[in-house]
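A.B. asks: Listed below are the residues making up each chain.
Protein chains: 2
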Amino acid sequence: MPELRQNIVTREWVLIATERAKRPDEFSGNRADRPVLPFIDPECPFCVGNEHQTQRESFRVSEGNRWKVRVVLNKYPALLPEGERLRNIDGIYRSMSAVGMHEVIIEHPRHDVTTALMTPAEVVDVLTAYRQRYAELRRDNRVEAIIIFKNHGEGAGTSLQHPHSQLVAMPIVPNQLRNRIEEAIRFFDETGECVHCQTLLQEINERVRIVHESDHFVAFIPYAALSPFHLWIHPRRHMSSFDAISDSELEDLGVMLRAVLAKLYHGLNDPDYNYSIRSCPTRSGPTEYLHWYITVIPRVTRTAGFEIGSGMYINTALPEESAAYLRAVTV
Amino acid sequence: MPELRQNIVTREWVLIATERAKRPDEFSGNRADRPVLPFIDPECPFCVGNEHQTQRESFRVSEGNRWKVRVVLNKYPALLPEGERLRNIDGIYRSMSAVGMHEVIIEHPRHDVTTALMTPAEVVDVLTAYRQRYAELRRDNRVEAIIIFKNHGEGAGTSLQHPHSQLVAMPIVPNQLRNRIEEAIRFFDETGECVHCQTLLQEINERVRIVHESDHFVAFIPYAALSPFHLWIHPRRHMSSFDAISDSELEDLGVMLRAVLAKLYHGLNDPDYNYSIRSCPTRSGPTEYLHWYITVIPRVTRTAGFEIGSGMYINTALPEESAAYLRAVTV
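Those protein sequences? They're chains A and B, same order as listed.
For the numbering used here, count along the first sequence from 1 and bump the result up by 2.
For the numbering used here, count along the second sequence from 1 and bump the result up by 2.
Simulated from the structure, these hints should not be mistaken for lab results.
Misleading hints may appear alongside valid ones.
What the hints assert, rightly or not - Between beta-carbon pairs, the in silico distance windows are:
no. : chain 1 : residue 1 : chain 2 : residue 2 : range
1   : A       : Gln57     : B       : Gln55     : 50 to 60 Å
2   : B       : Pro122    : A       : Met98     : 33 to 43 Å
3   : A       : Leu82     : B       : Arg62     : 54 to 64 Å
As the list claims (entries may be wrong) - Covered stretches of chain B (chain A as the covering partner; in silico rule of three or more C-beta atoms under 8 Å from a C-beta of chain A):
no. : region
4   : 95-104
5   : 117-129
6   : 275-287
Cβ coordinates follow ideal geometry from the N, Cα and C atoms, glycine included.
The following block holds chain A by itself, in its conformation from the complex:
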């Protein structure tokens, strides 16, 4: 029987359409289609040896005189690093200068690696760069929200093979985040609790949607997952802002993130995916109701007219089945 489930974070309903469900192993990725990549690509601006081809470097993780992770300005930035926030009014319309920051995190000197196959220590280096840039950029008083995300594969919106992720520091708080805050406050009003802490509690009790657990993090398929194998990685400790993560939590997250992505890689044949860190607005101090987390979305289905027309999602997989499938993948 199909059912509607409510995403408790957004209050949006998701159609869990079991009538058209596939078996978990039918959601296959692209490994066979991926090109075999060279160790180093002389044409790739992100490869070791081509550092002069990238824009201004803002941060690096090094070992001796070798870099392990570099953060550089995006060559085609969606937002410009210089300038002030200026509004323009044109009749009933409003526009604003797109100032902020758009950086690329080059995750590895090598061209042919992917997070799922990196060592946990290498993933920790990437996360270290995320934390440093997040903490640094939130001090810019033009910045209201910072989005860190990764696009893996063409279906997830990238054509660059070299392992990289991106950071966008924005001069506004997106509506999506405002709506989440509003819903989190509403939940807090009603219960006195953080909606994420309560979600974690219920997931840990029920266990049916858990994919992986570590000392400081829990990965699970949300009750109202938007799409097959949509995943949330939640810190157990209540923190509103990503940069509040401690060193030991960061180490642990490196192991966790790699494990989750390796489960996708091996269990679903290297699917295209996106992940994103959902954190609070940069001007917000610690709150009792907001709790940062990571969302991972394997791009194994497509959105269509229904999603455009309703803003809702149809998920053709049962979250409990997807979770059991990934739980069983050993990495």
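Add chain B to chain A, keeping to what the hints say.
C.D. replies: Just chain B, lined up with the frame of chain A:
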């Protein structure tokens, strides 16, 4: 210079990223990749002659004893036509029985046609089916919102070649629609006007984003278009619900919709696209602040981690340039 523009209907900001802009003709569709289709496909359940292969028929447009458009139940419905709306509570989570209606509008007896190349009269037949089903299904007291949409091409979420669209009658009002209503009321509170009527007025005055005009409709690229060639087709007359459309408006819309899709077909080489009719909740009577319209989204770019992480869109085309390009395509 990149800029942020606010979508006046949703109040969401869109990044118009001119630094990475392409020329309009670089957003090319798939015509060369599309298979050459037979006049009739004996394997296709939607083709004339295979009527017994489809589920229950709820409506048809006929001429003599030949059907021109048929509406049938979806074989794998996302919502079930039978049953009541029942809630289930599982700890902090909520679910609901997915009752409603999921129908397929078979737009033509032939397998090898597409809206852009149909006659205006044939498009009117399809719209006639939309209006009849909309008017009929809104009388079901379990239905809160009706979404009519079309997926054209694999990139837009369909694998069936036979020209068809879909209707989903839902037992809830999606959040997307609730947010639009809230914003429309806010605009009405402030100005005493319908935000869509005011948008139309400004577009008709400025002319720079108009793509096509007819007696009763105006097609234009929104000021804060979400993606390249994202289009709105607005009725000039203020109406909240799609089924308030008159016969003469329906005739005119057939000509308009076909013209807009033909401009995409010829100007962008038959891109994949979705369209959807954005109407008011079915329980809503006529209001001064809601105004139905059609949104058309050519799938010429992909959403990626930024859109997932922020809920915002990056548009790599300037709306005024996209509009000028489509305006010049003769059909």
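A.B. asks: Please go over all the hints and tell whether each is borne out by the structure.
C.D. replies: Status of the hints after comparison with the structure:
no.	hint	verdict
1	A:Gln57 x B:Gln55: 50 to 60 Å	58 Å, holds
2	B:Pro122 x A:Met98: 33 to 43 Å	41 Å, holds
3	A:Leu82 x B:Arg62: 54 to 64 Å	56 Å, holds
4	95-104	holds (count 6)
5	117-129	violated (count 0)
6	275-287	holds (count 5)
In this structure, the one hint that does not hold is number 5.
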